[in-house]
Structures are given as structure tokens and as C-alpha cells.
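Asker: Residues per chain, in single letters:
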Amino acid sequence: MDIQTDIAAMLDSERKKKMRVINHPILGTDERKKKINIYVDDKPISAIEGDTILTALLAQGIRINRITKKRKEPRGLFCGIGRCTDCVMIVNGIPSVRTCVTFVEEGMRVETQEGVGHWKKKI
Amino acid sequence: MEKENIIKADITIIGAGPAGLAAAIEAAKLKAKVVLIDENASPGGQLFKQIHKFFGSKEHYAKIRGINIGRELCNEAKAQGVHLMLNTVAFAIYEGKVVAGITPTGLVQIESKGIILALGANENTLSFRGWTKPGVISAGAAQTVVNLYRVLPGKCFLMVGSGNVGLIISYQLLQAGATVVAIVEALPKIGGYGVHAAKISRAGVPILTSHTILEAKGEKEVNSAIICKVDEQFNPIPGNEKELKVDVICLAVGLTPQTDLVRMAGCSFEYLNELGGFVPLHNKNMETTIKGIYVAGDTAGVEEASTAIDEGRIAGIAAASSIGLIDEISSKEKISQIWSRLNSLRIGPFGQSRQEAKKILIKARGKLCP
Amino acid sequence: MSLEKYGYPDLEEIKKSPGYPSDQRLAEGSCIVIECIQEIPCNPCETACKFGAIKVGQPITNLPVLDEKLCTGCGNCIADCPGLAIFLVNKTYASGKALLAFPYEYYPLPEKGEVVQAVNRAGKIVGKGKVIKIFNPQKNDRTPVVYLEIPLELADEVRSIKYSN
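Protein chains in written order, with the working numbering: chain A, 49 to 171; chain B, 96 to 465; chain C, -16 to 148.
These aren't lab readings, by the way, just hints derived from the structure by calculation. Note that the structure is predicted; figures quoted are calculated from it, not measured. For every residue, glycine included, the Cβ atom is placed at its ideal position computed from N, Cα and C.
Derived Cβ-Cβ restraints for the label pairs, each shown as a range:
#1 136/B / 109/C: 42 to 52 Å
#2 189/B / 168/A: 31 to 41 Å
#3 154/B / 163/A: 46 to 56 Å
Next up, chain A with everything else stripped away, as it sits in the complex:
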């Protein structure tokens, strides 16, 4: 890797890191340490225990959770409390999982949902 790529990668990770609120005047310092590895569209993403899938992605600057069926438009966070279903993704093979109320778990496989998604998991 050349130095340009290194700097770009570092700046990119700095930008991404800055989405987490590490120091807060009222909430104090975020002391959570336990790293959780999840996969988003087959890419490994490092999350922290206590993240929801949505916020683990937001921490990386990822704001698109799904694509609409008819016009193929991106959708993401809207209500944040599990009511509007705009943030749903396919999680471990199950479609339409509300990422804003689902906590990350080690090894979770998350996919950007297209339309109503498809079942990959036998139930």
C-alpha cells in the first residue's frame, strides 16, 4: 500500500471514528470495550457490544439500510424506535429485521435488503 492510500484510509477511519460520541459532557466517557464482529454485505464491520445493528452501521458512516422495490430508492433510519420499518435489513437470513431495535451479536450476517427481501433461513 502506498502512502496516499494509507493517508486516505486513515482520514476515512478518522471520519468514521468521529461519528461515535466518545466524550460527552453529561453522559461521560464511553467505556464500552467489548468488540463484536459482524458482516454487512459480506464486509467485516467492527461493532461494540451494546450497539444496535443500525448504530453500528451509523458509526461507520453507513446510512443506507435497504432499497425500495419499485423505484430502487435508498432508505435508512427514520423513527429510531422500531415503529416505521424504514431501517430494516436481512439479518442472518431473515428479512425485514428492524435494525434500530436489534442488538449486534458476534458473527451476525447483515445484508442491505432489496424490496421485501427474501428468506434465506429455514424456519
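Based on the hints, put chains B and C in the right spot on chain A.
Answerer: Only chains B and C this time, still in chain A's reference frame:
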């Protein structure tokens, strides 16, 4: 695979926010078997997102931060032996006051003598061109991801709406290190408390009254917003458009009582703008037009956490009284004391209209259930 | 009214309220100023002052009344106001300099001795100030109070700082 569970409770409370917790505490103190249900993984409702100090009087937890009030209420509910069912969605109320819910392990039916519905409120939306793009979120969503999960959903924010929700959340975004580029308010004056506005004005955030949002722009996600000055009829005045570089647009355009289960239970409603829309009729005991079904908090009219807590306490005591756990005289006295506290919150330019609306509700209920 | 239209009160509006001391009292020395001019149900300031200099009474929507003779300028009430509307102004701090104490609930906090940008109620930078001390005891419940030395002529204007990491 799905297991069905039948529980008997004296009082079932749906919603473990400030109203539900307060109701549970009061009923449990009077030795009721209380089941408190919430669809979330933790109790507290919106309280754990309120990192600011509350107003009111000492009895209203003034100068205590919402997060600390939440903790206190949760601890007290636990200490009083309230049976808390989390991750449980109450999806129906059937004849005979049976509450049906889905838990992580299956269905549950709770046969109740009294039911208190403390479901809170839903945020309103505003549609404009581009409002479906990622980056357009409700103000509550911003508060949730920032204060509960400690992540920013973007860097530069536009807040639409200058009521207390818009003002307070703008301040909290600043505290989290975000930039709030502006607040737009369609009315010619700011909706929330002046002191909240003053705090963010000192931080350099302009509050633009008589302005609205026209469009959210950006190829895939929000990367700018078009705002515009409006006239007295709220029509955009051509030539007054302005583009703001923002990646998040927060909508703080009011709340509406959450009342699905209240409707299902057959309660009667009245439309009252000052309380957020259709509100269930209730009496001074917070009892609806259906005997044994009570409401408290934003479900009974959008106000604040302090009024929610007091209404919850009233409902808890009244419900316990109706099943004989406390005599009527003592119950009346306790409830009357809480009403004095409530009344002291519903006065002044911000509270008066809510007081009038509540009077209409209580009167209407009185007419239907003499 | 400036507060309702723009979100910040102008000095004229504030001076009319019973929580603001007279010019004479301010000229005599350290005194608090309460910039709370709307009737909202709120009264923690009343119990915040151990000298009894702040009164709200009943109903609790009353505007707080400052008894400027009783105010010693200790500033203990600043952190107790949920609206962050109380400040301390000392116009006799030093020659040509005033001392302002204000609540500041942001991260990071400035450091003692730092020179920072001083802003007025509208958030506009109007000059510079030097941080004299930060008062952040446990009892403030995470509302630090910053003591800022500013030019005397800005004592009625400056109410916060513009500061970032």
C-alpha cells in the same frame, strides 16, 4: 413451538415509561399484583434520552436530569415487586380485560382486573420533496441514537420545528459535538421555552421563524436542504429560498397520542389540538369511558414527563382503589393532592391551554358516564 | 419581543424583569443576573440561594425576583437553574475588566488561563475573554460554571464563549 402462557394480574400496565412506572409503583405500594409490559428491551420510555435538568417544582423532580429520574423510578418499581415484562408487545385487549402479548418465547394472556394504558405518543412527520432520503429523521430518532447509543447520524443538522422537542434536541446535538446549522419554524414565533432557545442562540444557532423546508437534496443521501421564508398563510415566498449544507434533517413537528389499544378497548375520544389530536376521554381518576380501563401520560394528551408521572400515580391509586386495595376516602385524598401538583404545571402561557383541554375531556367523559 | 422571534432576549427585555439587578447594584460589585422572562412552572432557583435572595412563591410560574441587597454574588445558584438562565456579573473585578460566570455544559471545557472568544446572547463573537477558573463540583450535577474575565464594556453583553477542540 410457540408456548401460550396465561397470567393473572390485579393491574396490567402497558408502557413502562414515566407514566407506566409511576402507576406501577403506586399500585404495587398498595399491594396490587402489577404486571408492567413494555415492547422495548429496557424500561423508562423516553426518560433515558432526557439528559437535561427538568423544570417544575421539587415534587416534580426539578433540576434532576431525566436520566436520573428514570433510574429512580425503575429502581422503585423493582423494589415494590412490580412484575416487569420487557421485549413484550401487547397487541390486543379482549373482553373481560384480557391483555394479549407476544414475548420472546411465545404468546401471553394476562387476565386483569384493571388495565392502565400508558402508551406514550408518536412523532408526527412532514413530507416535502426528498423527505424519504436517508438523512431525514425524526427529532426523537436523533435523540435516541445520540443519547442512548452514542452515535451521530451525521455531522451538520437542520432542525425543523422550534417547540421544546426541537429546541432541546438541538442543544443535545451540540453537546454531542454536532453542528446545528439552523432551526426553522413555520410560525412567526418560537414554540418552546425562551430559555431553551436562548441556550442555543448563545451557541450561535440561528432560529429562523416564518421559515419552512422545501426540499431535501442529495443523490442517495441528504447533503443539503432548501429552506424558504413563508408568509402568514405559510406559503413559501418566491425568491426567499436558501440552500443549507446539512447531512441530517430532523423533524420536530409535534407528537400525537398513541392510542391503538385504547381504541380497541372501546374507549371514546375527543379531538383536541392542544393535546395533540384524538385523546381518550377520562375522569379525574384517569378512568376512560370503559370501566376499569385507565390512561396516563402522553396517551391521555401530549404534555411532558412531569405530568405523565403525576397522571400515572393517579391511575395507579385509582385502579388499586377500584379493586378494594385502598378505601375510597384515602384514595380520594391522595389523588386530590396529586391534582394540586398537576394543576401547578398546567398554568401560564404554555400550560393554560392544556388545562382547558383537560377540563373539556373530563367534562365530556362526565356526560357519557354520569 | 426579541426572545420569541429570534430566540434570544435583548437587554431591554431582561432589564424589565424582576430577576435583573439595577445598574447601580451591578456597579457596586459581584451580583447575579437572572435572564428568565417567561412564565413557566419552575422554581429551583428559589431554594438554590441560602441567603434567600431569590423568590418565586406561588404560583410557580411567577418570574423569579432578585433581592439585590441580599445577593452576595456567590454564584451557587447558577448550576441549579434548569434553563441555564442565571449568570454572575462582577463589574468591579479589575480596572477595565469584568468577571462573568456562566453555565457551560459542553465538551471539551476550556482550560484555566486560556484566551477564548466571547459571545453575546445571539452567539455573535464580540471580543475575547480569559478563563479564570472552572467550577465543577459534584453538586452541580454536570453543569460546570466558567469564570471569564472580559472587557468591562462587554459585561452586559457577553453570556458565553465559542470554543471547540
